[in-house]
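Order-wise, the sequence lines are chains S and Y. For what it's worth, our numbering labels the leading residue of the first sequence as 1, then goes sequentially. For what it's worth, our numbering labels the leading residue of the second sequence as 263, then goes sequentially.
Be aware that a few hints might be false.
[What the hints assert, rightly or not] Subject to a maximum C-alpha distance of 16 Å in a straight line, what follows is the list of computed EDC-like cross-link-like pairs (lysine to aspartate or glutamate): (1) S:Lys191 to S:Glu201; (2) S:Lys211 to S:Glu238; (3) S:Lys211 to S:Glu247; (4) S:Lys191 to S:Asp163; (5) S:Lys191 to S:Glu32; (6) S:Lys184 to S:Glu129; (7) Y:Lys585 to S:Glu129; (8) S:Lys211 to S:Asp242; (9) S:Lys191 to S:Asp220; (10) S:Lys118 to Y:Asp448; (11) Y:Lys585 to S:Asp135; (12) Y:Lys450 to S:Glu121.
[To be verified] A short list of chain S residues far from chain Y (calculated; beta carbon distances all over 10 Å): (13) Pro39; (14) Leu181; (15) Glu238; (16) Glu247.
Derived from the structure by calculation, the hints contain no laboratory data. Positions of the beta carbon are idealized from the N, C-alpha and C atoms, including for glycine.
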Amino acid sequence: MDSAFFEIEGLVKRFGGLTAVDGVSLSVDMSEVVGLIGPNGAGKSTLVKLAMGLLRPDRGSIRFRGREITGLPPWEIVNLGIAGTFQNTRPFRRMPIIANVMVPCLAPRARKRGEWVKRIEAKARDALEFAGISDLALEPASHLSHGDLKRLEMARAIATEPDLLILDEPFGGLNPSESELLAKSIKRLHKGGRFGRLHSEGVAMIIIDHKLSDLLPIVDRVIVMHFGRVIASGLPQEVVNDPQVIEAYLGREEVEGDGHPA
Amino acid sequence: MNPRRLYRRFASEVLVLPGRTTVLAVCLVLLILPLFHRHPYTLRVLSLTFIFAIFAASWDLLSGFVGQLSLGHAIFFGVAAYTSALLNLQAGLPPLVTIPAGALVAVLMGLVVGIPCLRLKGQYLSLATMGFPIILTGLVYLFSDLTGGELGVSGLARLGPTRLSEYYIALVLVLGLGLIMWKITDSKVGLVFHAIREDEITARASGINTPLYKLLAFCLSGFFAGISGGLYSHFMRVAGPSTLSVLTSFQPVIWTIFGGVASIYGAIAGTFVLYPLMEFLRVAPELRTLIFAALVVLVLRFMPEGLTPWFIDRVESECPRCKEHNAVTRRTCRVCGAPLGRPSAPGAGPFQPGKGGRVAG
Ligand SMILES: Nc1ncnc2c1ncn2[C@@H]1O[C@H](COP(=O)(O)OP(=O)(O)O)[C@@H](O)[C@H]1O
Ligand SMILES: [Mg+2]
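Please model the entire structure based on the sequences and the hints provided.
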């Protein structure tokens, strides 16, 4: 195979005078779990929105399975097999949780022909079960706590059974026990298998965080961004010792996070 | 199915909920009313009420559910009214043909309005929708040989042979089409409509082709509004520029907000109350608009979400566990048996114009 599974090349995104993503190139292999870290404002979320098709890049290209997806509308990207979550959670507020997850189950990718609402609901329930919020299924999304909203984002993304899952700071604002649960489900998802009606087969993932500690046990490789550029990439151990990375984090927070062991 | 089972099912689906029972009672009263009272004036006012209730519900489908706040809904009503009128007068087609034909033209108008509106959000979309009836009014005056200009086209075939038959045609249509619209909002498509109103970006990121669904909403709404426009022209036996007026555009908005937005039945209930009221106020022509406006404002002051949510809140409560509705008199939930506490948290909140219309970038 000469083209990578997921590949970004020379991507640039400007907001007025600010260049949020400044010539980023990276690639992700099939079934690979990549951590993307960088201080706040590094351009990580912007990169995610570019990959999801929610923003249009000023320059550069994004390819998925050898196919150019730059400029495709977001729903087509989802239907090709990329799903992402929002760092600042964006639920359908006044709809019950279950309905929030039924919507992606209605996307062409997730829907089998002629499927009944009942089947779709059952599938949405499996996604909620997987994310660990099935007991809240009937609550409106506006009643959820921050941690549960994060899980709802996750449930919504996996409901389309993506081949590449992009999680934007899934650990943000979670307490240690919630983080641990989430790490477990991410590993489970990556290992693959059947979760009720959902099927996953070694989903490739890009997981974003602003520090490394949460990611260490999950990721195969780490990419570090700073001021819109990739400044380092490699195994977690290599990255934390990279002088440029230490420099980027100097005076902010530790690369590995606030002291709790990885 | 044997009658006893049928009755039991009916009892468990309809009679257990005061809201549904009320709907049923209203339907029955309207169905048998002409047996007791068939004054032509009453029948006329009620027939127009039914026709306009279809119009209000069609507005609710687009603006209440999908959040595309249309302030130019008269475009669909008017284009269908003129189409039906001209087909009837020029081609001699009967209402049974001209009304569906008018509705189909209104569906096409849904595309004409919807496509430019796809890129617009919030108040810009509303402003743009307002422009369309104005443009069509201009065309009506421009081609006054065909359209009759200010006076419109008159002398259409009647909707039915008698006032009574027209009453029943309008009644059956408002009930039937109302049920269809309600079913649409309760379906998979309706779920996507809700989602688009809540957060269009999230809907897109969930793999939903939102422009396609929005166009579908414009066309569906245009269809039902078109039916009401065609009914109106045959009922009045005239189609004039007033069918395209700003007032025609704003009335369904007022009726629906009064009745309760994003429910279909709220739009119908609002029209059922306000349209006859407005007619009744003809007894004081100078004060009519003033009294009407004051009443609407006053009522919304006490029922901020509109009439039907207020009413349902009084007679039904939501089970905290399974979210099914129950009569307020019940102590335990009829579905899951959970104990019913006092006031439940509201599910669907108040209507927030513009909230649904956000677009990426
Ligand atoms: N929609 C936007 N408009 C203007 N500036 C933006 C927008 N989104 C992000 N930015 C800016 O781009 C930079 C990168 O932001 P972001 O991608 O959110 O960083 P990160 O996720 O790494 O914290 C920040 O300086 C931010 O203020
Ligand atoms: Mg971010």
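Taking the hints in turn, this is what the structure says about them:
1. S:Lys191 to S:Glu201: With a Cα-Cα distance of about 7 Å, the restraint between Lys191 (chain S) and Glu201 (chain S) holds, given a limit of 16 Å.
2. S:Lys211 to S:Glu238: holds (15 Å)
3. S:Lys211 to S:Glu247: With Cα atoms ~14 Å apart, Lys211 (chain S) and Glu247 (chain S) stay inside 16 Å; holds.
4. S:Lys191 to S:Asp163: holds (13 Å)
5. S:Lys191 to S:Glu32: Judged against 16 Å, a Cα distance of about 11 Å means the pair holds.
6. S:Lys184 to S:Glu129: Roughly 14 Å separates the two Cα atoms, so the pair holds.
7. Y:Lys585 to S:Glu129: Not satisfied, since the Cα-Cα distance of roughly 19 Å exceeds 16 Å.
8. S:Lys211 to S:Asp242: holds (15 Å)
9. S:Lys191 to S:Asp220: With a Cα-Cα distance of about 13 Å, the restraint between Lys191 (chain S) and Asp220 (chain S) holds, given a limit of 16 Å.
10. S:Lys118 to Y:Asp448: holds (13 Å)
11. Y:Lys585 to S:Asp135: holds (13 Å)
12. Y:Lys450 to S:Glu121: holds (10 Å)
13. Pro39: The claim stands: Pro39 (chain S) keeps its Cβ more than 10 Å from every Cβ of chain Y (closest is about 25 Å).
14. Leu181: holds (24 Å)
15. Glu238: Its Cβ never comes within 10 Å of chain Y, the nearest being 33 Å, so this holds.
16. Glu247: holds (34 Å)
Comparing the model with each earlier hint shows a violation of hint 7 alone; every other hint is respected.
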